[in-house]
Amino acid sequence: GDSVTQMEGPVTLSEEAFLTINCTYTATGYPSLFWYVQYPGEGLQLLLKATKADDKGSNKGFEATYRKETTSFHLEKGSVQVSDSAVYFCALSDLDSSYKLIFGSGTRLLVRP
Amino acid sequence: NAGVTQTPKFQVLKTGQSMTLQCAQDMNHEYMSWYRQDPGMGLRLIHYSVGAGITDQGEVPNGYNVSRSTTEDFPLRLLSAAPSQTSVYFCASSSGTGGMTEAFFGQGTRLTVV
Numbered sequence: 001g002d003s004v005t006q007m008e009g010p011v012t013l014s015e016e017a018f019l020t021i022n023c024t025y026t027a028t029g030y031p032s033l034f035w036y037v038q039y040p041g042e043g044l045q046l047l048l049k050a051t052k053a054d055d056k057g058s059n060k061g062f063e064a065t066y067r068k069e070t071t072s073f074h075l076e077k078g079s080v081q082v083s084d085s086a087v088y089f090c091a092l093s094d095l096d097s098s099y100k101l102i103f104g105s106g107t108r109l110l111v112r113p
Numbered sequence: 114n115a116g117v118t119q120t121p122k123f124q125v126l127k128t129g130q131s132m133t134l135q136c137a138q139d140m141n142h143e144y145m146s147w148y149r150q151d152p153g154m155g156l157r158l159i160h161y162s163v164g165a166g167i168t169d170q171g172e173v174p175n176g177y178n179v180s181r182s183t184t185e186d187f188p189l190r191l192l193s194a195a196p197s198q199t200s201v202y203f204c205a206s207s208s209g210t211g212g213m214t215e216a217f218f219g220q221g222t223r224l225t226v227v
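Going down the list, the sequences are from chains A and B. Under the working numbering, the first residue of the first sequence is numbered 1, with each subsequent residue one higher. Under the working numbering, the first residue of the second sequence is numbered 114, with each subsequent residue one higher.
If you're looking for bench data, these hints aren't it; they were derived computationally from the structure. Model, not experiment: these values are computed from the prediction. Keep in mind that a hint or two might mislead.
[As the list claims (entries may be wrong)] Quick partial rundown of chain A residues pointing at chain B, CB under 10 Å, derived from the structure: (1) Q6; (2) L13; (3) E16; (4) F18; (5) L19; (6) N22; (7) F62; (8) F89; (9) S93; (10) S97.
[Stated by the list, open to error] Label-pair ranges, simulated between beta-carbon atoms: (11) B:S131 / A:E63: 28 to 36 Å; (12) A:E69 / B:D186: 40 to 48 Å; (13) B:E215 / A:V82: 37 to 45 Å; (14) A:T12 / B:F123: 36 to 44 Å; (15) A:K60 / B:N175: 24 to 32 Å; (16) B:T120 / A:N59: 23 to 31 Å; (17) A:F18 / B:T225: 37 to 45 Å; (18) A:A53 / B:A195: 21 to 29 Å; (19) B:T183 / A:A53: 12 to 20 Å.
Where a beta carbon is used, it is the ideal one built from N, C-alpha and C, also for glycine.
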């Protein structure tokens, strides 16, 4: 079945460092891809999304590009802030069933001042 | 705008007890889902609903029941709690089936079964 694999965490960075969190997927069709973020004590919030190959999702300085050839959707940010400390989840869904998300295991990011 | 509201936020149960986790959304969304979050495993789908009166099983449905009598509410029932059900539970809702549709999540219920 469909699945999502994320890099193990935690990832610890200094403020203003460059961030990459790797995400690869396995899917039989053409899924939509998402990054969700979970701040301490809160639920998940959508960070960005992409629905077809070569689409780039972006929000709050974060970017991810839907790479069909490498089945990847890596999350990047050029300069992280302490406030970016959170758990980041990569997820996919079928194009016609966005209410059935398949999540990766999550990557905890800690940004130090 | 309340969004998705889950109650309670925390709960401790004894093995064999029953309880209902409540979920309500005020966005008139057709689609609602329940997930559980366990360390190192991300979120896994328990049950989902595509509209009032319609529910279906997700990846890990055993030990859980759901019903959807109204658009707003989607309760999750544990009939006989087991320690393996210790987890954080999230309810989510969305407005459509398209790939661009965003899922909105509640703040979660942390359940401990002793």
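> Between S131 of chain B and E63 of chain A, is the Cβ distance one that fits in 28 to 36 Å?
Replying inline: violated (46 Å)
> Hint check: is the beta carbon of L19 of chain A less than 10 Å from a beta carbon of chain B?
Replying inline: violated (19 Å)
> Would the stated hint for F18 of chain A survive a check requiring a Cβ distance to chain B of less than 10 Å?
Replying inline: violated (25 Å)
> Is the gap between the beta carbons of A53 of chain A and A195 of chain B within 21 to 29 Å?
Replying inline: violated (43 Å)
> Does the Cβ pair T120 of chain B, N59 of chain A satisfy 23 to 31 Å?
Replying inline: holds (30 Å)
>> A closest beta-carbon separation below 10 Å is what the hint needs, so does S93 of chain A meet it against chain B?
In response: Holds: closest Cβ of chain B sits about 7 Å from S93 of chain A, inside 10 Å.
> For the pair K60 of chain A and N175 of chain B, does the Cβ-Cβ distance stay inside 24 to 32 Å?
Replying inline: violated (38 Å)
>> Given N22 of chain A as an interface hint, is its Cβ closer than 10 Å to any Cβ of chain B?
In response: violated (15 Å)
> Should the hint that E69 of chain A and D186 of chain B are 40 to 48 Å apart at their CB atoms be regarded as holding?
Replying inline: holds (44 Å)
> So the hint says 37 to 45 Å: do the beta-carbon atoms of E215 of chain B and V82 of chain A match that?
Replying inline: About 26 Å separates the Cβ atoms of E215 of chain B and V82 of chain A, which means 37 to 45 Å is violated.
> Hint check: is the beta carbon of Q6 of chain A less than 10 Å from a beta carbon of chain B?
Replying inline: holds (8 Å)
> Given S97 of chain A was flagged as interface, is its beta-carbon under 10 Å from a beta-carbon of chain B?
Replying inline: With a closest approach of 6 Å, the S97 of chain A hint holds.
Comparing the model with each numbered hint stated earlier shows that hints 2, 3, 4, 5, 6, 7, 11, 13, 14, 15, 18 and 19 do not hold.
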